[in-house]
Structure formats: structure tokens, C-alpha cells
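Trainee: The whole structure should be built from the sequences, with the hints applied where relevant.
As you go down the protein sequences, you meet chains A and B in turn. According to the numbering used here, the first sequence is numbered sequentially starting from 1. According to the numbering used here, the second sequence is numbered sequentially starting from 1.
Hints in this document: simulated from the structure, not taken from any laboratory. Careful: at least some of the hints might be erroneous.
Unchecked claim - Over the 10 Å line for every Cβ pair with chain A, so calculated as not near, a few chain B residues:
| # | residue |
| --- | --- |
| 1 | V15 |
| 2 | A23 |
| 3 | F39 |
| 4 | D56 |
| 5 | Y58 |
| 6 | K85 |
| 7 | P174 |
| 8 | V195 |
| 9 | P198 |
| 10 | V265 |
To be verified - Computed list of chain A residues with no C-beta within reach of chain B, every gap over 12 Å:
| # | residue |
| --- | --- |
| 11 | D57 |
| 12 | G62 |
| 13 | S155 |
Unchecked claim - With a straight-line cut-off of 30 Å between C-alpha atoms, the simulated DSS-like cross-links for lysine-lysine are:
| # | chain 1 | residue 1 | chain 2 | residue 2 |
| --- | --- | --- | --- | --- |
| 14 | A | K190 | B | K85 |
| 15 | A | K182 | B | K85 |
| 16 | B | K85 | A | K20 |
| 17 | A | K190 | A | K175 |
| 18 | A | K107 | A | K182 |
Where a beta carbon is used, it is the ideal one built from N, C-alpha and C, also for glycine.
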Amino acid sequence: MTHLPPALSLTGLTRRFGTKTAVDAVSIDIAEGEFFTIVGPSGSGKSTLVRLLAGLDVPTAGSLHLRGRDITDMPANRRPTAMVFQSLALFDHRTVGQNIEFAMKMKGVPPEARRARALELLRLVRLPEDYYPRPVTQCSGGERQRVALARALGSDPEILFFDEPLSAIDYRLRKTLEVELKELHQRTGKTFIYITHSLEEAMVMSDRIAIMRAGRFEQIGTPDEIYRRPHSRFVAGFMGEVNILPVSQAGGGAVFTDLGLAAPGAAGAFAVLRPEAVRPGGDAGVGFDAEVTQRLMLGSRTQFHLRAGAAALIAEVAAGPQADLQIGQVARFSFDMADIAWVDA
Amino acid sequence: MRRNPGFWYALPMIVLMLLFFAAPLAIVVWYSLMPPRTFDLTGDIGLQNYRTAFGDGYGVPLMWSLIGAALTTLITGLLAWPTAKILHHHAGRWASIVTALIALPIFISESVRLFGLSIFLMPGGGILAGTLNALFDVQIGTFLNTRFAALVGMIYIHFPFMLFPMLLGVAMIPADRIEAARDLGAGRWAVLREVELPLAAPGLLVGGLLTFVLCLGANAEAAILGGRAVTVITAAIEQRFNYAQDWPMGAALTVLVIAVTAALVFPAVRRIDLNRIIRR
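Mentor: Written as C-alpha cells, this is what we have:
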């Protein structure tokens, strides 16, 4: 078995702006053909990181290797990578075809070959061939997205970067494009490195996810690992609504501080509990009485905001008779200790 | 019922343009068709002035004007592009100060500035030659009273007219387009050719037109700095009107210059989307 070097290898990659460290000694290997997503809130350094990877910015320290070759000091125009920008950055003064052919033109590919490849790429991103001569200014949002994708693929890059390309798109189209992007990844077999602030978006598409915070990777793992075993409250909080219950040591053992209940087998300072793990009824391990303070219909589920002692919890219940609780009602809820992910910070 | 109110709001401007733009133009055209050396507007209409214009060596001053305007446009363009790029991207809070310093001389009379330049360049006791002589014991000649001096004056005077539209043009280039082009393999020249120049084109075109048209009508540079080395078409026209007292001939030359200008300007103006510039 031959050992392939990683598609991209970051070693202590650092970028400082004055006294502020935007990217703080990030090291990671990204495998050939992987769909790797970096998730972080704004200001976490994820956009700076991808700009370093694409060669649009120069690292203060550290190195970058592409398939074992040092590309740390290689300018963007010589790197065999391509980026889909958040703004898309399409050339509005050119046609769809000219946009897609740009990288090929820069490489000196003859016009007929460029055209043939551009039409191929149009099919790949599911745009009709008669879009070729159109000005990009006449394309809709989703079409522009596809043109940007085709343009990036037009350079036949070894790695594709995506800097939040779907953030400005409405929900339904975003969902469609997420699936298309995942399929495109599977079909092309290229390495995709994707930046987003949405863990939900990352979950759908990625092989591996890195959660970024203050210039560092807080946790790296498969979508499943991130979802089931977050390493910190920060990561847990990223998954949308989640219950985080502080645990303290009192007398004989651990207790849920706000619930005032024993927490047998507690393995951390905080219990992370998904809303669907909090169930009406008292049949699970830890049971408590709670008042319903809010009831939100989510479609297939109903969400309840609960108050129990000093604790505020969220429970999500599948449609059915159990979901009939009303605001102000006090009812018994419970959860299983096995559903808890323990974190220390 | 009132008609379209836009017409009434535009009426003062229409009257103004008719009185002070269209009417003088019509008079000049009419004069150019009158017999030579007459001051009447009632003579026989004829093209004899135009025949004289082509036969009598007025082609040379017109050519000098066109060459001077073209060279000035080209050189100010080459100087203004990097200046605009630096001011836009790197100067930061200095940009407005530098811009003001470049704009300020426009408020001083052109001939005052040109005489200043003339004093600077004078041989022997001129500011440049005198200073070099006094401080470094270096003796230099001068290029005052040459075509080159006239060209230097043209560039000096018209640089701001190229720079400011170009600044607008450069501001129309979004930074991410340049990054996208670089990311897709474009080197510096390719970025300039494929992205920067096309996106800044409206600014370049406006600057180019402004400079070219102003240069075509300029004669102070040639008179003050160029000495007798070069006669430009505006000097020839002035001479027809003033010394030669041949108004019809002067008018015919004027019409020719207007025609040349229009032939260059109209196709270019058609390509400019003024709305796009003003929106920025």
C-alpha cells in the first residue's frame, strides 16, 4: 500500500495583525479527497485561515505543504488551488463562459479547448449550455453561485476552498446547493475545504469538521463525533439549542446545581443534554417536575421551554399526545444519564 | 390638466443652453461660410474658407495640437494610474491631503503657474539652473522654448484632470475581483489587463476625454513655455480673429477643430455609463 502525503498539511500556521492573533499556531493534516469544514463564529479567524491557505495572505509564522511540497511562500496565482469567494467575486464585465474560462486562459489553453471544457463544467454545475454567452449580470443568485463554482473548477485545482459561499442565500436554495455541493465533491473526488458559521451546514456535507475559536481549533472530528461528544460548552453551544447543566460536588457526590438533583456518575463540570433527550414522563433515570413557560410548534416536533427549580431547560417532543402540554402546566420530565455528554469548560 | 412638469423644470436650462451654447455655435458655423475678411452675416454662402484651411498649411498646427493632446493624454494616463492606485489602496488618511495638494493649483490661474514653471526652467539665473550652479557648481542648459517644454507644461497643467476621474475609476474595482483573478492564476499584468482596466474603464475614458479635449483647446503652454518652437491650432485661430481680422477664416478653423473633437468624443461618450460612476 502506497502512503499518500496529505493533500494539505498545516504546521503551526499563524497570522498576527499587530497585537491581535487571528490564526494561532494551527496544525492539521487534511487528507486527499476529504470534505473538511471549518466552523466558527465571526471573528474566530476562519476567513483569515482560508486566505492563508489560498495564498491571498501571508502567514506570520508556520508552514503549509501541498502534497508534501512547501507552498508557504507561493503566491496565490501559482498555487494549484481555487477559491469560491463569499461575495463570489464574479467578473461582472464578462460573460458566463469567459468567467469559467478565466483560469484556462491564464494557463494559455487554446480557445476551442477552453470552450469545450467550459460547456462540460456548465453541465457539471447543472446550468444549461445556452448560459455560455450570457453576461453574468443576467444570472440569478443561485445561477451566479453555480458560475462561481464552475469558474473555480475551471482551473482544475487540486484543492477547492469555499469561504461561506452560501451565507447570503435563502434557506431553500441553500439546502439544494448543499446537496449539490456534496454530490459534486463525490463526483470530482477533489479535496474541499469549506468555511462556514453554520454547524448545521457543515454536518450535511463534511467528512470532518473543525470548530474554530479565537484562532485555534477547539475540536476536530466527524460530524457524528462533534454532535454526540462535544469537548466543550463552546462546541456544544454551536449546535443550536442545547441544555447545558452545571454540576457541583456536594456532600456525598455530584449534583445538578440548578436542578438540585443527584448526578450519579458525573464525568465533568457541565452536562450537555440535547433537547430531544428531555422527555415528558418519569420513566428515565433522572426525573423532575417542571413548569412549561413556552410552547413552540416546530412541525414534526414541539419545543417546550421548562423551568425546574433554578434551571431553565428546553425539551423537544415528537408530535403525539405527549406534546399536548400547555403553557403554565406543571408536568413530570426526565432524561437518561447515558444521553449526557460531559464537558469541563 | 397640467402637462409633464419635467419640461417646465428643464425650461430655464433649455433656454440657457440655446442662448449660450447652441446660438454661438450656430453663429460660428454661419460665419465660417462667409466670404474671407468680412464682418457681415449676409454675404454669399461658400466653402472657400475650408478650401483655404486645407490648402494653406493650417494642417500643421492642427497636427501639433492633436499630437500634443494625444501625448499628454497618454503620459498623464500612465502617471495617473499608479498615483490613483497608491492613493486608493495605500495612502489611508494621507489620501485626502495628497488629493487636496494636487487639486489646489487648479484654483490658481493657468498662466501664473506656467510663468512660474518658466522662471523655474530659465537658463543661467532660473531657479533650477541657478540653484544647481550656486549649491553644486553644476551648470545646465534649459529646454525652455522647445516643443518638449510645451509638452511638460501640458502634462503639468492637465494631470489633475486625468487623475480625479481615474481615482473614481480605481474606486470602482472591488478588491475581491483582483483576488479572484490572482487565485485563478493571473499575474500582475493579466490582472491589470483582464480585471483592473476593464472595471476602471469608465474613469479612464472620462479622464482621457477630459484631458484630450482640454489639451486640444490649450495654447498657453505652447505660448509661454514653447516659445516660437510650435504653433498650435488654437494659436492660429486666435491670430485669425485678432491680428488678421479674418473672422470667417477663424470660424472655419474653429468648426474643423470642433468636428475633430466631436468625431473622437461622441463614440467614446456612448460607451460611458455615467450612472455607474455617480452611484459610487
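Trainee: Next step is simple, just say for each hint if it's right about the structure.
Mentor: A quick look at each hint next to the structure:
1. For V15 of chain B, the non-interface assignment is confirmed: its Cβ lies about 40 Å from the closest Cβ of chain A, beyond the 10 Å cut-off.
2. At roughly 41 Å, the least C-beta separation between A23 of chain B and chain A is larger than 10 Å, which holds for a residue marked as non-interface.
3. In this structure F39 of chain B is separated from chain A by more than 10 Å, as the shortest Cβ-Cβ distance comes to about 54 Å.
4. Its beta-carbon lying about 47 Å from the closest one in chain A, D56 of chain B satisfies the requirement of being farther than 10 Å from that chain.
5. Listed as outside the interface, Y58 of chain B is consistent with that label: its C-beta sits roughly 42 Å from the nearest C-beta of chain A, beyond the 10 Å cut-off.
6. Every CB of chain A is more than 10 Å from the CB of K85 of chain B (nearest about 18 Å), matching its label as outside the interface.
7. Distance check for P174 of chain B against chain A: the nearest CB is about 7 Å away, which does not clear 10 Å, and the non-interface claim fails.
8. For V195 of chain B, the condition that its CB be more than 10 Å from all CB atoms of chain A is violated, with the nearest at approximately 7 Å.
9. A cut-off of 10 Å between C-beta atoms contradicts the statement that P198 of chain B is not in contact with chain A; the least separation is 5 Å.
10. Listed as a non-interface residue, V265 of chain B keeps its Cβ farther than 10 Å from every Cβ of chain A; the least gap is roughly 23 Å.
11. D57 of chain A, annotated as away from the interface, has a beta carbon of chain B within 12 Å; the closest lies near 10 Å.
12. With a minimum CB-CB distance of about 21 Å to chain B, G62 of chain A clears the 12 Å threshold, and the non-interface call stands.
13. Listed as a non-interface residue, S155 of chain A fails to keep its Cβ farther than 12 Å from every Cβ of chain B; the least gap is roughly 5 Å.
14. Distance restraint check for K190 of chain A and K85 of chain B: the Cα-Cα separation of roughly 37 Å exceeds the 30 Å cut-off, and the hinted pair is therefore not satisfied.
15. Between K182 of chain A and K85 of chain B, the direct Cα distance comes to roughly 40 Å. Violation of the 30 Å bound is thereby established for this hinted pair.
16. For a cut-off of 30 Å, the pair hint linking K85 of chain B to K20 of chain A stands: about 28 Å separates their Cα positions.
17. The hinted pair formed by K190 of chain A and K175 of chain A meets the criterion: a straight-line CA distance of about 21 Å does not exceed 30 Å.
18. At most 30 Å may separate the alpha-carbon atoms for a hinted pair to count; K107 of chain A and K182 of chain A meet this at roughly 28 Å.
Checked against the numbered hints listed earlier, the structure breaks hints 7, 8, 9, 11, 13, 14 and 15; every other hint is satisfied.
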